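Add chain B to chain P, keeping to what the hints say.
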Amino acid sequence: MRGKKPGGRRLHFLALVALSLLLLASATIAVTFGPADISPTEVWTTILHHLGLVPESPVSRLRDAIVWDLRLPRVIAAMGVGAGLALAGAVMQALTRNPLADPYLLGLSSGAALGAVTLVVMGFALLVPVGAFLGSLAALGLALLIAQLLGGATPVRAILAGISISALASAMTSFIIFWSATGDSYREILSWLMGSLSGSGWVDAGLVAVSLLVCAPIVLVSARGLDAFAFGDKSAASLGVDVARLRWTLLGASALLTGVMVAIGGAIGFVGLVVPHAVRLAVGSRHGKLLPLSMLVGAIFMLWADTMARTLFDPRELPVGIVTALVGAPAFLLILMRFRRVT
Amino acid sequence: MEGLRVAGVNIRRGGRKIVADAKFSAPVGKVTGLVGPNGAGKSTLISAIVGIERPEAGELTFEGANLVAMGRRERAGICAYVEQSASTEERLSVADVVALGRIPHLPAWAVELGSDDETVVAGALEKVGMAGFAGRQFNTLSGGEQQRVHIARALAQEPKLLVLDEPTSHLDIRAQLQVLHLLDGLAKAGGTVLLALHDLNLALHFCDWLVVLDAGRVVAEGPPAEVLREDLLASVYGVHARLIEGPSGPVIAYEGTV
Chain P
1 MRGKKPGGRR
11 LHFLALVALS
21 LLLLASATIA
31 VTFGPADISP
41 TEVWTTILHH
51 LGLVPESPVS
61 RLRDAIVWDL
71 RLPRVIAAMG
81 VGAGLALAGA
91 VMQALTRNPL
101 ADPYLLGLSS
111 GAALGAVTLV
121 VMGFALLVPV
131 GAFLGSLAAL
141 GLALLIAQLL
151 GGATPVRAIL
161 AGISISALAS
171 AMTSFIIFWS
181 ATGDSYREIL
191 SWLMGSLSGS
201 GWVDAGLVAV
211 SLLVCAPIVL
221 VSARGLDAFA
231 FGDKSAASLG
241 VDVARLRWTL
251 LGASALLTGV
261 MVAIGGAIGF
271 VGLVVPHAVR
281 LAVGSRHGKL
291 LPLSMLVGAI
301 FMLWADTMAR
311 TLFDPRELPV
321 GIVTALVGAP
331 AFLLILMRFR
341 RVT
Chain B
1 MEGLRVAGVN
11 IRRGGRKIVA
21 DAKFSAPVGK
31 VTGLVGPNGA
41 GKSTLISAIV
51 GIERPEAGEL
61 TFEGANLVAM
71 GRRERAGICA
81 YVEQSASTEE
91 RLSVADVVAL
101 GRIPHLPAWA
111 VELGSDDETV
121 VAGALEKVGM
131 AGFAGRQFNT
141 LSGGEQQRVH
151 IARALAQEPK
161 LLVLDEPTSH
171 LDIRAQLQVL
181 HLLDGLAKAG
191 GTVLLALHDL
201 NLALHFCDWL
211 VVLDAGRVVA
221 EGPPAEVLRE
231 DLLASVYGVH
241 ARLIEGPSGP
251 VIAYEGTV
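For the protein sequence lines, the chains are P and B, in the order given. Sequential numbering of the first sequence, starting at 1, is according to the numbering used here. Sequential numbering of the second sequence, starting at 1, is according to the numbering used here.
Hints are computed from structural coordinates only; laboratory data are not their basis. Quick caveat, the model's predicted, so the values are computed rather than measured. Possibly wrong hints are sitting among the right ones.
If the Cβ cut is set under 10 angstroms, some of the chain B residues that face chain P in the computed set are [stated by the list, open to error]:
#, residue
1, Pro107
2, Ala110
3, Glu112
For glycine and all other residues, C-beta sits at the position ideal for the given N, C-alpha and C.
Chain P extracted, bound-state conformation:
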């Protein structure tokens, strides 16, 4: 009966507010976690101080730097990456009508890996995000070009072309690693391949935020259009949806979003696959609800996964992709079992 009772709207609004508050609280707590103990009050005093709202901060310079320079940007980057991947995943699943679709479907992650690894072995480790971004867009462009050459870029052709590009890029990545990686670069590459937000600063947090601010609104206003895809292209077209235009707009927006996320955090798996499914299980498939809630849940999930990644085995850091997979894979199985019971 979702949305059909007068209470449906209020319930959705309450869920949005509750999750936003949970996200804010999670972020505050996550910043206090780490080798140096910092209180929530100190966290907010520091934030307000930097925003110019508290002129004189009682927090020491060192602790101020730990909050503002080290932990806060990383926490923001984690939330943004989680929100972006969850949103892109939900869009890809709806557009391709494929429940197994994730944001990396069209070769985006393998392309990014190839770009990143190439730069690492060439010694330009600092330029990895640029290489990853260009690599992901190149893979996507190539997949779409091949689909077009096969006789029109339909979703199925694009997915198939994406798979072949993906395989090719992975093979080349493996070759480069095998041939030229030394001990140090090997560890660097591996950590990137498994997904890591280690060392994220304000530039990374800013890029993630800007890409979300640009792409998310485009996707969110198309929620009704995505609903129309539930029974396929023909049915969507007969409901007055411009199928081709909507598809390419949304694909473009989610590819751009994924490209930035992959550049900042590497190919972090399972977030874009599991989060939309979990939210769907709770509130159903109507995208007006699904998309914003997925973003919030994705942000919270990623924030805690990254906090675990950096604190569990302190002082060593785990690549966050390992945490998301360790939590995400069993969660995915649980969701599958729930789906079987209700459908």
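Positioned in the frame of chain P, the structure of chain B alone reads:
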């Protein structure tokens, strides 16, 4: 009264002409059947009528209004479409599916339906006899129930013209009769119904008007009992058959292939 008018419609796909110079009309308040062998171009012609495909040439009008020149949303408010059997992997309640029919009437960014829309959705479910199913998951329904929900979704568009592509092909005979009775009732209430059908006896029984398509051309149009003559069944379908008078009208008795 003239409802849908199709004139001189050509549809080409990948260089091949699928529909050639199609011309017929579907009157208001009637159930019009579109019949013909597999590959005759029924689905393609229907795609063009509902705006999924653009005809290469020709006119498509409803009560004088030019469907081809219309905006997508405006057209979806006049003309609704039901597929053979449309399934989904999405988790949608019956009410959610019917609510899809309100899309042409809502602003694109609206998350929830207005109360007027909810009234339309409830009314549409009522009309197809599925009022008690609003909260059920669509995927748990039988084929016949799903098809009735699809018709309710089409009715929620508040269309003047309802176009269905073989809506009964996957259903058992009881569900087929239920769907066809439902369509008959909608036409009698003033709607215009056009449907592609395979079963000629059902066409004979339920359609008020019949259009026969063969190899992309309209080869006959008129009242079903006058159109489905033995010579037409032989030339279009390649079957020997006799029309015999049954207790509730004429029935086709098939005797073999030509």
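Comparing the hints with the structure gives:
Checking Pro107/B against chain P by beta carbon gives a least distance of about 8 angstroms; that is within 10 angstroms, so the hint holds. The criterion of a C-beta within 10 angstroms of any C-beta in chain P is met by Ala110/B, whose closest approach is roughly 7 angstroms, and the hint holds. The beta carbon of Glu112/B comes within 5 angstroms of a beta carbon in chain P, closer than 10 angstroms, and the hint placing it at the interface holds.
Comparing the model with each numbered hint stated earlier shows that all of them hold.
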